[in-house]
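Assemble chain Y onto chain E, guided by the hints.
As they're listed, the protein sequences go chains E and Y.
Heads up, the first sequence is in numbering that gives the first Met the number 0, so the first residue is 0 and it goes up one at a time.
Heads up, the second sequence is in numbering that gives the first Met the number 0, so the first residue is 0 and it goes up one at a time.
Hints are supplied without guarantee of correctness; some may be wrong.
As the list claims (entries may be wrong) - The list that follows gives simulated cross-link-like pairs (lysine-lysine, DSSO-like), each with its CA atoms no further than 30 Å apart:
id	chain 1	residue 1	chain 2	residue 2
1	E	207	Y	300
2	E	33	Y	282
3	Y	322	Y	47
4	E	33	Y	317
Unchecked claim - So the derived list for chain Y, only partly shown, Cβ under 8 Å to chain E, looks like this:
id	residue
5	103
6	297
7	299
8	300
9	315
10	316
11	318
12	334
13	336
14	337
15	338
16	339
17	419
18	454
19	457
20	459
What the hints contain is simulated information worked out from the structure, not anything from laboratory work.
Beta carbons are placed, not taken as given, at the ideal position from N, Cα and C, and that holds for glycine.
What follows is each chain in one-letter form.
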Amino acid sequence: MLVKNTFFALVVSSFSVSASVDKTDWTPTPQQFKYCTVCHGNQLMGNPNIGAPRLSGLSAWYIEKQLQAFKQGKRGMPDQSVPAHEMQSMVKELSDEQIHQAAIWASKTQSPVPSETIVADAKAGESLYKQCAACHGADGKGNQTIGAPALAGLHDWYLLNQFDAFKSGSRGNVQGDSQAQQMQAAANLVNSEQDLKAIVAYIQQLEKHEEHN
Amino acid sequence: MKQHFSRRQFLNLIGAVGGSSALLKASLAMGLMQSNDFQGPVSVAPVKGKNKAKVAVLGAGISGLSTAYELERAGYDVVIIEASFRAGGRNMTVRHGDKIDEMGHTRYCQFDQDENLYFNCGPARIPGHHKRLLHYCRALNVPLQIKANSNQLAYIQDEKINGGKPIRQVDYRADANGFLSEMMSKSIDKGAFEQQLSEEDTENFLSYLKAFGSLNEKGKYTGSDRAGSQRDRMLFPPTPKAPMPLHDVFKSDVWRGVSFASQIYDWVEPLMEVKGGMDGIVKGFLRNISSPVELNAQVRKIHNLSDGVEIAYEQAGKLNTIKVDYCFNNIPAYFMAGIENNLSPDYLNALNKFKRGHLFKIGFQMRERFWEKEGIYGGITYTSQDNAQLWYPSHDIHAAKGVMLGAYCWDEKQCARFEAMTPEQRFKYAAQCGENIHPGYSGYIENAVSIPWARMNNQMGCGIHMEKEDWEHCLPILQKPDGRHFMIGDQISQHSGWQEGALAASQQALSQFNQLQASITSSHGAAYVS
Chain E
0 MLVKNTFFAL
10 VVSSFSVSAS
20 VDKTDWTPTP
30 QQFKYCTVCH
40 GNQLMGNPNI
50 GAPRLSGLSA
60 WYIEKQLQAF
70 KQGKRGMPDQ
80 SVPAHEMQSM
90 VKELSDEQIH
100 QAAIWASKTQ
110 SPVPSETIVA
120 DAKAGESLYK
130 QCAACHGADG
140 KGNQTIGAPA
150 LAGLHDWYLL
160 NQFDAFKSGS
170 RGNVQGDSQA
180 QQMQAAANLV
190 NSEQDLKAIV
200 AYIQQLEKHE
210 EHN
Chain Y
0 MKQHFSRRQF
10 LNLIGAVGGS
20 SALLKASLAM
30 GLMQSNDFQG
40 PVSVAPVKGK
50 NKAKVAVLGA
60 GISGLSTAYE
70 LERAGYDVVI
80 IEASFRAGGR
90 NMTVRHGDKI
100 DEMGHTRYCQ
110 FDQDENLYFN
120 CGPARIPGHH
130 KRLLHYCRAL
140 NVPLQIKANS
150 NQLAYIQDEK
160 INGGKPIRQV
170 DYRADANGFL
180 SEMMSKSIDK
190 GAFEQQLSEE
200 DTENFLSYLK
210 AFGSLNEKGK
220 YTGSDRAGSQ
230 RDRMLFPPTP
240 KAPMPLHDVF
250 KSDVWRGVSF
260 ASQIYDWVEP
270 LMEVKGGMDG
280 IVKGFLRNIS
290 SPVELNAQVR
300 KIHNLSDGVE
310 IAYEQAGKLN
320 TIKVDYCFNN
330 IPAYFMAGIE
340 NNLSPDYLNA
350 LNKFKRGHLF
360 KIGFQMRERF
370 WEKEGIYGGI
380 TYTSQDNAQL
390 WYPSHDIHAA
400 KGVMLGAYCW
410 DEKQCARFEA
420 MTPEQRFKYA
430 AQCGENIHPG
440 YSGYIENAVS
450 IPWARMNNQM
460 GCGIHMEKED
470 WEHCLPILQK
480 PDGRHFMIGD
490 QISQHSGWQE
500 GALAASQQAL
510 SQFNQLQASI
520 TSSHGAAYVS
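Extracted from the complex, chain E is given alone in its bound form (with noise of 0.2 Å):
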């Protein structure tokens, strides 16, 4: 150890530390996950510099799901790409029920909705979307009977990357999970970069629109 006790009973004495300015919106995160937000950030509101997505918004039921997919090597396999195989050595070692905690941890944080990052006719996505609605739901907040997560509220930039997973077989082609062939055959519908753009576009602005009321 480098640093001894020295530095430990100095209190931050002659700092006034007060409790939060916000502490109504903020959820404490457990010591066991405090990694989690050296990427993901502070409240999980996710960072595009490491690849990071959102997860505050996230249901509890689909971030445990995915959780046991990362571990189980169903998501982010070597071959697939870099941040997710990052992810996926993050969860190896974690246990059933601290997965489980994680996910419920995460579903409470709360963080401010993404700016976008992608210029395209939202207008246009709007009528593409109507196919997507139907599991995702209108309001894109998803639809846990059919295991159709939230969409509303992450980055439109990890939209973008875990809609080309899908087409591109790195996400999805898992045995036995329907939902996510599901998901793939979905992805295939979608023929250009543009409609595709266009559908990410429209589904930044429903969770702009839900902040507003």
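Then chain Y, alone, in the frame of chain E:
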């Protein structure tokens, strides 16, 4: 797929990971940076009046520690907030029992409990012109010793040459110099320089070439005793080895890459290292700083206010918010997008242009210093295999055991291959690579550590960089404060990945701080002249 050394890889490492001299010139012209003749650290304007100004330093790496040290000496009230369980950042030396906090693969160093058995996971060498760092080593009483960085008796191992068997660097050197000299001699005979050279000049030049390349009387290179002898040269006349095929000498990427390593400015010899491990510098700062260092404290929020900065950090599940007058931020720039902040859009945009760098190291504890039996005392073997380099320790010669570096990769693809493995898989792979250089290598390995900097907790990279066009535009923005918030760290220098770069950034920010202080004080009617 194997990666080969390229000169580009070398140049990338020399801190040139992004960067341009045009920008440096611009910075000099703006008076932001000192020219090369460092005269001592920036003298920080001392605290005036009764109320000590408060400063938060985010990150206890070399840049943060030196900033805190200078501010504290000038009378400021400083707190250092560090996300990791330890101070030092990438200045990290591991010994028996130390935690290696890799994301997803936490391990503990299993080296024997012996002060000689340590591994410098980050910076490991200091050239004599890194004056800022050497200033602090002197000021903080950090003992230094000479470190052999190059060793002519160490190897080049190139899978394309000599059936993949290693060749001593001295053999390459003798043959390359010999062939070059012979070719030059022949070109002179053809009269290429007749216009410029007198007969006497030509004779002198030829004689120099003969000496340079060890040519015979006829100006031919036929091998040289500079590369040793095939028989015991103490008892028998030297019998030089036959030269390697000319084709092989110049074909080797590895050899080409390292031929001039010791002529690269940051590696000009002699180099130095800290006695007992590079973290002696961290310990030196900590001995001389009384400001609190808050460990295990992740910064959650940085808000510029009109008269200060509000910072929130989470420690043991508790959110602490402090208000300070100034903030010096050493956090890797790519993390800023995950920290709530109100920095200006230009400033944030510049921060978001930074990309994570990849560097990978392995340290092996060897039961015997087998390399010394091969006549290798310190220095580096270079290889075309994924492990890229082997470093032999210069310290504790002839001790029973030693820790040597078993891989040091700068190439992103090589790093990615190691990063994707578990530590145990990495050790096995690097051991196999080592076998092709030193037969029996694996058998000497007692235990190991691996440091993929792009996977280390709270770092997620080393050798941070930007696209060149972005760099020229963004660095000047980040070398100025945004409100009362200053960026520091090697990231805000032209020498990413070097402690000297970290210190230069800190010094640069402190001189900006003096200017800001002066303008604030003068606007209150009590001018401070720095």
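Hint check:
1. E:207 with Y:300: OK: residue 207 of chain E and residue 300 of chain Y at ~23 Å, within 30 Å.
2. E:33 with Y:282: 26 Å, holds
3. Y:322 with Y:47: Status holds; Cα separation ~19 Å.
4. E:33 with Y:317: Holds, because 12 Å separates the two Cα atoms, which is no more than 30 Å.
5. 103: Given a least distance of 3 Å, the restraint on residue 103 of chain Y holds.
6. 297: 6 Å, holds
7. 299: At about 4 Å, which falls below the 8 Å cut-off, the nearest Cβ of chain E leaves the hint on residue 299 of chain Y intact, so it holds.
8. 300: Holds, because the Cβ-Cβ distance from residue 300 of chain Y to chain E comes to roughly 7 Å (cut-off 8 Å).
9. 315: 7 Å, holds
10. 316: 4 Å, holds
11. 318: Hint on residue 318 of chain Y: holds, closest Cβ of chain E at ~4 Å, below 8 Å.
12. 334: With a minimum Cβ separation of about 7 Å from chain E (threshold 8 Å), the hint on residue 334 of chain Y holds.
13. 336: 5 Å, holds
14. 337: 2 Å, holds
15. 338: 6 Å, holds
16. 339: 5 Å, holds
17. 419: 4 Å, holds
18. 454: Hint on residue 454 of chain Y: holds, closest Cβ of chain E at ~7 Å, below 8 Å.
19. 457: 6 Å, holds
20. 459: Given a least distance of 6 Å, the restraint on residue 459 of chain Y holds.
Hint compliance for this structure: every hint is met.
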